[in-house]
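So the chains spell out like this:
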Amino acid sequence: MAELTYREAVAAGIAQEMERDDRVVFLGEDVGAAGGVFKSTVGLLERFGPVRVRDTPISEQAIIGAAMGAAMTGLRPIAEIMFSDFFAVCWDMIANEIAKARYMSAGQMSLPLVIRTANGAGSRFGAQHSQSVENWAMAVPGLKVVAPSTPADVKGLLAAAVRDPDPVIFFEHKGLYATKGEVPEGELVDRLGAAKVLRQGTDVTLVALAAMVPRALQAAAQLQDNHGISATVVDLRSLVPLDTRTLIAETAKTGRLYTVEENPRLCGWGAEIASIVAEECFYDLDGPVVRITTPHVPLPAADALEDNAVPTVERIVRTVVRTAG
Amino acid sequence: MQVVMPQLGETVAEGTVTAWRKKVGERVEAGEALFDVSTDKVETEVPAPASGVLTAILVSEGTTVKVGETLATIGEAGQTQSAPPAATEERLSPVVRKLLAEHGLQAREIAGTGAEGRITRRDVLEYLERRKPAAPAAEERLPLGPIRKRTAEQTALAWRSIPHVLQAVEVDFHAVESARVAHGRSAELTYLPFVARAVCEAIASFPLVNASVDGDALVVHRRIHLGIAVDLGTNGLIVPVLKDAATKSLPDLARAIQALAEKARARKLKPDDVTEGTYTISNSGRFGTFLTAPIILPPQVAILSLDAVAKKPVVRGESIAVRPVGVLAQSFDHRAFDGAYSAAFLHRLKEIVEGKDWSAALNGDGG
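Sequences listed follow chains Z and U, in order. Read left to right, the first sequence gives residues 1 to 325 (our numbering). Read left to right, the second sequence gives residues 1 to 367 (our numbering).
Simulated from the structure, these hints should not be mistaken for laboratory data. Just so you know, not all the hints are guaranteed correct.
[To be verified] Pair ranges (Cβ atoms, derived):
1. M109(Z) - E102(U): 49 to 55 Å
2. E109(U) - A302(Z): 39 to 45 Å
3. A115(U) - E3(Z): 42 to 48 Å
4. E102(U) - G325(Z): 18 to 24 Å
Bear in mind that the values here come from a model prediction, so they are computed numbers and not experimental data. Where a beta carbon is used, it is the ideal one built from N, C-alpha and C, also for glycine.
With the rest of the complex left out, here is chain Z:
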């Protein structure tokens, strides 16, 4: 076991796959010589050379278009979109081309590509560079959507994404890049669509994703210590495919489900989960599903406001205590 930061795990995951498979190439803005604006791809250019690790112009459409073409012609590209907010300028290619290619070619064509991106708030980047857009990606049929919360999951899920035959949107969280965690030595390959139960409780179930996972864990500890409420914490890890089996099982055990979401409230991923739970395990519910989300607002740049917009540990605890009875 080695302790890696979340950002080091990104580079380790890319390197593992590039080492394994010559078809894996990596491209994006400042990903090579600069090692990534978040320093998450340091050393890859030196190790794999400028043919396989490419710095691109500042054009997200060019990056995505190049990756799509590469995937169509036999490579397995990893493309980086520096901020997930910039997906907005790529949607035609991502939503209309990449996501549909297999379907529209009747399976003659698959696009084994990964689009990595830095998602989420907390870094004072303002409304256009801080959004959590996992629900955007989730809304497009044909895309897989992954969002790891730990360095080990970053490496393992990134490997699984690269090996997947279809396009995977890989959301890294800006606020987690500096976090550390144990990562097993040697080749690490995880599985898409498997949630993790990080803490088993009896009273409530908190389902979280990415940066909300450590907050849900902290909240669960406080709920237990200060309020005698025993919480299960589930890290979804992947929205598409979604591990509904674990979701339903863990909801049914406590009868109370809380989603902890960083994306804005309207049509956030938790809405879909609430819908699934209502449909699939209604008779196991002991109360309404409660969503704890960022409100439906553009994220403020001011630190105090940004910190209060995104679900905090304190808000999670307060909400659960108020509603769990």
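Go by the hints and put chain U onto chain Z.
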């Protein structure tokens, strides 16, 4: 508006209401089927005579009534005679409803601890946990009945105070069996009366066996009052006493034993029937036991156990014969006499059982 039993044919005088199609409080339209009637001639459904609400049912299903008798009333809403169930304002979660239904519980049984007294899933689970019957008891406490209690006291006293010695002889019941067969094996003619008769005769030669210990004296009884242990099944054991057994012929003995046993099983023994025993025979034979070490009934000094009599190979002369063989075991009080005396008594008993002319005895001849 009264609903009456209709005339269903000229000669029909009565009908049986077999089913009501509506409940009290339900709305019914004129001409709509209201109830089913069965007579000795027809089975038919009867329409409601008017529209309205069924306000009362006066005749329950299965009841036979005369033509023209009132069966029910139809009136306006609000006139029903049974009040509708009180409205409940229960806000139960899906899982609580499910748990209540699964376990056949009513919400009112459970105290809610949730917001505004709501019953939570945990409330139901904890209620079920509390209600769960305790694990089946590892033991059951059965109070001793009067007979059991008396038996307990007597046997414990005997066991504590009497130095018991057990001796046993194997006895060939061939002679007895031959006589029984010759006599047609009547119901009361078990081995027991033969043994009882032999005991009486053996006591004549060994009178100390028929005695009581009284302080530092042995009181030897001239009369033989023979106790016969009778099993009352789960109700315990009782020992009725056959007075002056030695004076009775074998057939009389057999009948008397039978009568006493029946009296005991009918719980009709009088105090006089169970006292003054001087020697006791216990018969465990029917369960096939080989030997029983019986406990002496104080103040008696000996007790004999007759166990199973079964066919066995025995050596007779230089050959092997198949004979009905049983063990007669006697517990005696060592304070009263010694092993040699008891052994001699048993030897005598064996001689009598094996050698007496039992056929003659059965004919009332020779005791």
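Open item on the list: If I claimed the Cβ atoms of E102(U) and G325(Z) lie 18 to 24 Å apart, would that claim hold in this structure?
Closed with: holds, 23 Å
Task: Hint check for E102(U) and M109(Z) - Cβ pair distance inside 49 to 55 Å - done: holds, 52 Å
TODO: Note whether the CB distance of A115(U) and E3(Z) lies within 42 to 48 Å or breaks it.
DONE: holds, 44 Å
Task: Satisfaction of the hinted span 39 to 45 Å by the C-beta atoms belonging to E109(U) and A302(Z) - done: Roughly 55 Å apart at Cβ, these two residues miss the hinted range, so it is violated.
The structure is inconsistent with hint 2 alone, although it conforms to all the rest.
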